[in-house]
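J.: All chains should be modelled from the sequences, with the hints used to inform the complete structure.
Sequences listed follow chains A and B, in order. Mapping of the first sequence onto this note's numbering: residues 408 to 997, in sequence order. Mapping of the second sequence onto this note's numbering: residues 408 to 997, in sequence order.
Hints listed in this document are in silico derivations from the structure and should not be mistaken for laboratory results. Hints are supplied without guarantee of correctness; some may be wrong.
A pair counts as met if it fits within one copy or between any two copies, since identical chains are not told apart.
To be verified - Distance condition first, Cα-Cα at most 27 angstroms in a straight line; then the derived DSS-like pairs of lysine-lysine:
(1) Lys911 with Lys736
(2) Lys630 with Lys736
(3) Lys492 with Lys416
(4) Lys724 with Lys453
(5) Lys873 with Lys863
(6) Lys873 with Lys892
Number of protein chains: 2
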Amino acid sequence: MPSYTAPVKDMQFVLHDVLNIGQSDIPGYDELDRDTTAAILEEAAKLSEGALAPVNAIGDREGCRLENGVVRTPTGFAEAFAQIKEGGWNGLDLPEEFGGQNLPYIMNSATGEFFVSANMALNMYQGLTHGAISAILAHGSDAQKATYLPKMVSLDWTGTMNLTEPHCGTDLGLIRTKAEPQADGSYAITGQKIFISAGEHDMAENIIHLVLAKAPGGGEGTKGISLFIVPKYMVNEDGSLGARNGVIVGNIEEKMGIHGNATCVMNYDGATGFLVGDLHKGMRAMFTMMNEARLGVGLQGYAQAAVAYENAVAYAKDRLQGRDVTGVKNPEGAADPLLVHPDIRRILMDQKSFVEGARAFTMWGASLIDRAHRSTDAEADGLISLLTPVIKGFLTDKGFDMCVQAQQVYGGHGYIEEWGMSQFARDARIAMIYEGANGVQALDLVGRKLAQDGGKHVMAFFALVKEEIASTDDPRLTDLRDALKAASKDLQAAGMFFMERGMKNPNDALAGSTDFMHLFGHVCLGLMWVRMARAAYAALDAGTGDQAFYQAKLATARYYMARQLPATALHLARIRTGADTVMALAEADF
Amino acid sequence: MPSYTAPVKDMQFVLHDVLNIGQSDIPGYDELDRDTTAAILEEAAKLSEGALAPVNAIGDREGCRLENGVVRTPTGFAEAFAQIKEGGWNGLDLPEEFGGQNLPYIMNSATGEFFVSANMALNMYQGLTHGAISAILAHGSDAQKATYLPKMVSLDWTGTMNLTEPHCGTDLGLIRTKAEPQADGSYAITGQKIFISAGEHDMAENIIHLVLAKAPGGGEGTKGISLFIVPKYMVNEDGSLGARNGVIVGNIEEKMGIHGNATCVMNYDGATGFLVGDLHKGMRAMFTMMNEARLGVGLQGYAQAAVAYENAVAYAKDRLQGRDVTGVKNPEGAADPLLVHPDIRRILMDQKSFVEGARAFTMWGASLIDRAHRSTDAEADGLISLLTPVIKGFLTDKGFDMCVQAQQVYGGHGYIEEWGMSQFARDARIAMIYEGANGVQALDLVGRKLAQDGGKHVMAFFALVKEEIASTDDPRLTDLRDALKAASKDLQAAGMFFMERGMKNPNDALAGSTDFMHLFGHVCLGLMWVRMARAAYAALDAGTGDQAFYQAKLATARYYMARQLPATALHLARIRTGADTVMALAEADF
Chain A
408 MPSYTAPVKD
418 MQFVLHDVLN
428 IGQSDIPGYD
438 ELDRDTTAAI
448 LEEAAKLSEG
458 ALAPVNAIGD
468 REGCRLENGV
478 VRTPTGFAEA
488 FAQIKEGGWN
498 GLDLPEEFGG
508 QNLPYIMNSA
518 TGEFFVSANM
528 ALNMYQGLTH
538 GAISAILAHG
548 SDAQKATYLP
558 KMVSLDWTGT
568 MNLTEPHCGT
578 DLGLIRTKAE
588 PQADGSYAIT
598 GQKIFISAGE
608 HDMAENIIHL
618 VLAKAPGGGE
628 GTKGISLFIV
638 PKYMVNEDGS
648 LGARNGVIVG
658 NIEEKMGIHG
668 NATCVMNYDG
678 ATGFLVGDLH
688 KGMRAMFTMM
698 NEARLGVGLQ
708 GYAQAAVAYE
718 NAVAYAKDRL
728 QGRDVTGVKN
738 PEGAADPLLV
748 HPDIRRILMD
758 QKSFVEGARA
768 FTMWGASLID
778 RAHRSTDAEA
788 DGLISLLTPV
798 IKGFLTDKGF
808 DMCVQAQQVY
818 GGHGYIEEWG
828 MSQFARDARI
838 AMIYEGANGV
848 QALDLVGRKL
858 AQDGGKHVMA
868 FFALVKEEIA
878 STDDPRLTDL
888 RDALKAASKD
898 LQAAGMFFME
908 RGMKNPNDAL
918 AGSTDFMHLF
928 GHVCLGLMWV
938 RMARAAYAAL
948 DAGTGDQAFY
958 QAKLATARYY
968 MARQLPATAL
978 HLARIRTGAD
988 TVMALAEADF
Chain B
408 MPSYTAPVKD
418 MQFVLHDVLN
428 IGQSDIPGYD
438 ELDRDTTAAI
448 LEEAAKLSEG
458 ALAPVNAIGD
468 REGCRLENGV
478 VRTPTGFAEA
488 FAQIKEGGWN
498 GLDLPEEFGG
508 QNLPYIMNSA
518 TGEFFVSANM
528 ALNMYQGLTH
538 GAISAILAHG
548 SDAQKATYLP
558 KMVSLDWTGT
568 MNLTEPHCGT
578 DLGLIRTKAE
588 PQADGSYAIT
598 GQKIFISAGE
608 HDMAENIIHL
618 VLAKAPGGGE
628 GTKGISLFIV
638 PKYMVNEDGS
648 LGARNGVIVG
658 NIEEKMGIHG
668 NATCVMNYDG
678 ATGFLVGDLH
688 KGMRAMFTMM
698 NEARLGVGLQ
708 GYAQAAVAYE
718 NAVAYAKDRL
728 QGRDVTGVKN
738 PEGAADPLLV
748 HPDIRRILMD
758 QKSFVEGARA
768 FTMWGASLID
778 RAHRSTDAEA
788 DGLISLLTPV
798 IKGFLTDKGF
808 DMCVQAQQVY
818 GGHGYIEEWG
828 MSQFARDARI
838 AMIYEGANGV
848 QALDLVGRKL
858 AQDGGKHVMA
868 FFALVKEEIA
878 STDDPRLTDL
888 RDALKAASKD
898 LQAAGMFFME
908 RGMKNPNDAL
918 AGSTDFMHLF
928 GHVCLGLMWV
938 RMARAAYAAL
948 DAGTGDQAFY
958 QAKLATARYY
968 MARQLPATAL
978 HLARIRTGAD
988 TVMALAEADF
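T.: In structure tokens form, the structure reads like this:
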């Protein structure tokens, strides 16, 4: 069975050495000194290592079962979930008035990485509830907040998001679920929703479904969509549970992974729903919390890679196979450990440099969300809107690749379920798909975010890169800064190409959208590695802390720059070929 | 459920338009005119589509079950296997004296693609038997051939290859299975073998295990290894089956994929074994058929991508989602088909250009094997030895990627097992691992094959590329030839880097081995696409056949050159950074 040890030290390095959160002017960050974050992270680590990780493989093996309309979660899930609940983890960043602790969102992300690495399927029950809470917080009435939030914050009740229908996922304008206005001001919701994570299960007293449906008079397409609260059990005036509402689970899906999370077909048959926010403005309401939700999925991508990497390292140190060609390293043993082989090192360094870069990128993103939400900083809001598809798309594509490579380190054992490496890859696979498939992320980035507000946010990003490069003339950083500069130039050139060609033919931009998303992702990780290297040198110069730890950061930074960042040139080369070869084939010739 | 339609026309294009097999001087190829190959391919297509593909998903869902020492294959497998058997497919390229048809090996590969696309797990029962036959053919005594081959060629008996043990896969020098000489000239085999595909099952009367074991006096490491035949049931003088031998299945593994194939732990407890070939020369015997076996695995990689592509295309044409940004294409529908979106096109063109290039590459490889074996052409033998790790490693890495991308076209449905796209990815995953993990292929390529016979074979490859480029001055091919030239230059530069740096520090070469394998793979597919484009122009100029088909080949060639081939520059850039950043970290810092 795989192991999990939460990377508390690495997380603290990002939060304090790199992002310097204790000194940040973001409201609430002044409380986050090293001792405070250490206490929180260590508690989260303990829970992740001791309670969540041990049931991860069980969840994969047993999966969820639908029995007489009830979904049974895997053995041990309820007990582990109870510990998340008791620890108050769901309310970490939520308002005190609803039972939360009102800490910054970045602490939800930082602890979330541990939970997701330990048990992604289980963590989703909480994660979706958190998303539903955000929607109600942003758009619900005071009465709705009072009715639903305290129980959802405490995880007595969980939440879901109901968007997809059998014939539509990305294109929500096509949804058919109907909302008929009733005399009492509620709506009767009728229709079928699919792919509803945690749609039904046995770990909560009530389930609060957030449902997109069409009420009369809203017009065609996405304009006619409204958002509704549909509780599984009606909630009485006094907060007690009333009648069963007309929503039932029709089926649960057999999936490639995240078996421990019930992916449900939900049938709404005149279920009572309550409008959230304005009528016909449901899309806006649903997408308010999109940045958070998508950052959370990007985090899943790298968090799975993180735990896969940990295990690949352990195996590479333990498994004896072959000899170091430059000289025997383990003369007493029958062979040297895998770790001596350069190609194994390459895989592990790819993983390490990705995971640590992704962690910094995601936490930086979380700090931008805090800045945007807690100080209503429009620039931070614009920047995180721009970066969100990159975090989601790039980190999940790469995260999955890294899990596959971690399997590879295990050779044949990587393919055997018992060893657990297959589960990391299978679980990570979903993150490339849900919450907007990665192709949709790329489309959002190139088709929308790039030109948003006159291109102001991408300009702000380039200014940040420039600022980082100009921030020091430390000659020890010159090689890293030069590499970042070159990669950033590729990104600018790609943006210019889109501007010039995309005007005449939008397909010239869209054909390069995924390459652009990856190019952007590499520049972001390059930026993170320059920042991390600067922080490492600062710590080394100060002579404090674990010197080998900081030296390893520098070595990893140099690996990323040497081996990963040069991908920007390939992405640019592909982008520059435009749409001609992509669109050349007639439909019949595929 | 996914569909499968065997690409007979594409295969004929490769065999006749590109490789021109009917006019080849390879012995036996003169029989392979278009009508003959059409008849064979259409029969194989019928079997694949009608019998093998329909039980593929069943095999995945049910898997194999171990019941009281008997492995039960999935519902319908035995019936489908009986049809492979009755069709005489296993003997297609095997000697007539043992019941085969003695056709060239290339026809085994061409039909094999269809079988593997239709049902990889089922096809393995035959494929492993074929491999065991090759080993006995090459190294067995006449008596052994007479005893085992007729029944194995007919598939009344199947075969296995027993190499791996719990503590050793790649490093076979570590094996512990013992062979004790007996008075009657046989050996008593004792030990445990793992990952034995088709080690036990209910579809054959007998199973002939080929087992690597250590007999006394052979010395340390791989030198002491010999190869043995260990039949499940002893074979009497008259060919009838005798006593049960001392080999039993201990367990079957739960795997990520190929569930329909039983992956067995085999326990040998003083089982009677018969030496094949020379004592202590087992490694040589086992590796004789390595080129074929590895080519067969490379084929699995692209064959899974081929069927995944077929289904992704069907879904992209059928699924309505969003609108073409350049103008509505399906005004009567609620949305346009996925196929209008450039990013979906990109995915499909990646797949199409890979699969068709890989098919040509693999069939070219098979023709080199025929040339080497049927005319004992040492140059062809050297060339295929060089190309084998590229075929195996590159085509399985990419093939898996393409299956993952095909899943992506399906959005959420790609993750649901019912749709079948997950199975293609999960099945394809093993091909990167078994028959020498891809990192081992890269090591074989860079550490052994590149310098073999003084670098003669890689020189021969470069000469072939030059020859192709010089073979025509048709201006319509200039862009393609230039692209190939540039890619080939990158490959030469990488080779030079290894020569210069690898002498001083072998790690400088080994750290770039996987990049080199991919670089080489791209150049090979580039070469194939120039050849295919030349063949397409020739057919277009002749005005024969399906003009749209040949135009599509040209469009696909140009896509590959524009979007895939530029990866060579990235691989070269990575290679040139050598081992420094790869090996920089201390063991404790991982």
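J.: I want to check one pair: Lys911 and Lys736. Are their C-alpha atoms no more than 27 angstroms apart within a copy, between two copies, both, or neither?
T.: between (61 angstroms within a copy, 19 angstroms between copies)
J.: At most 27 angstroms between CA atoms: does that hold for Lys873 and Lys863 within a copy, between copies, both, or neither?
T.: within (15 angstroms within a copy, 50 angstroms between copies)
J.: Regarding Lys492 and Lys416, is the shortest C-alpha distance of 27 angstroms or less found within a copy, between copies, in both, or in neither?
T.: within (25 angstroms within a copy, 60 angstroms between copies)
J.: With 27 angstroms as the alpha-carbon cut-off, assign the pair Lys724 and Lys453 to within, between, both or neither.
T.: within (25 angstroms within a copy, 49 angstroms between copies)
J.: Taking 27 angstroms as the upper bound on the Cα-Cα distance, should Lys873 and Lys892 be classified as within, between, both, or neither?
T.: Within one copy, since 8 angstroms is at most 27 angstroms while 37 angstroms is not.
J.: Should Lys630 paired with Lys736 be assigned to within, between, both, or neither, using CA atoms and 27 angstroms as the limit?
T.: Result: close only across copies, 22 angstroms inter versus 67 angstroms intra.
Checked against the numbered hints listed earlier, the structure breaks none of them; every hint is satisfied.
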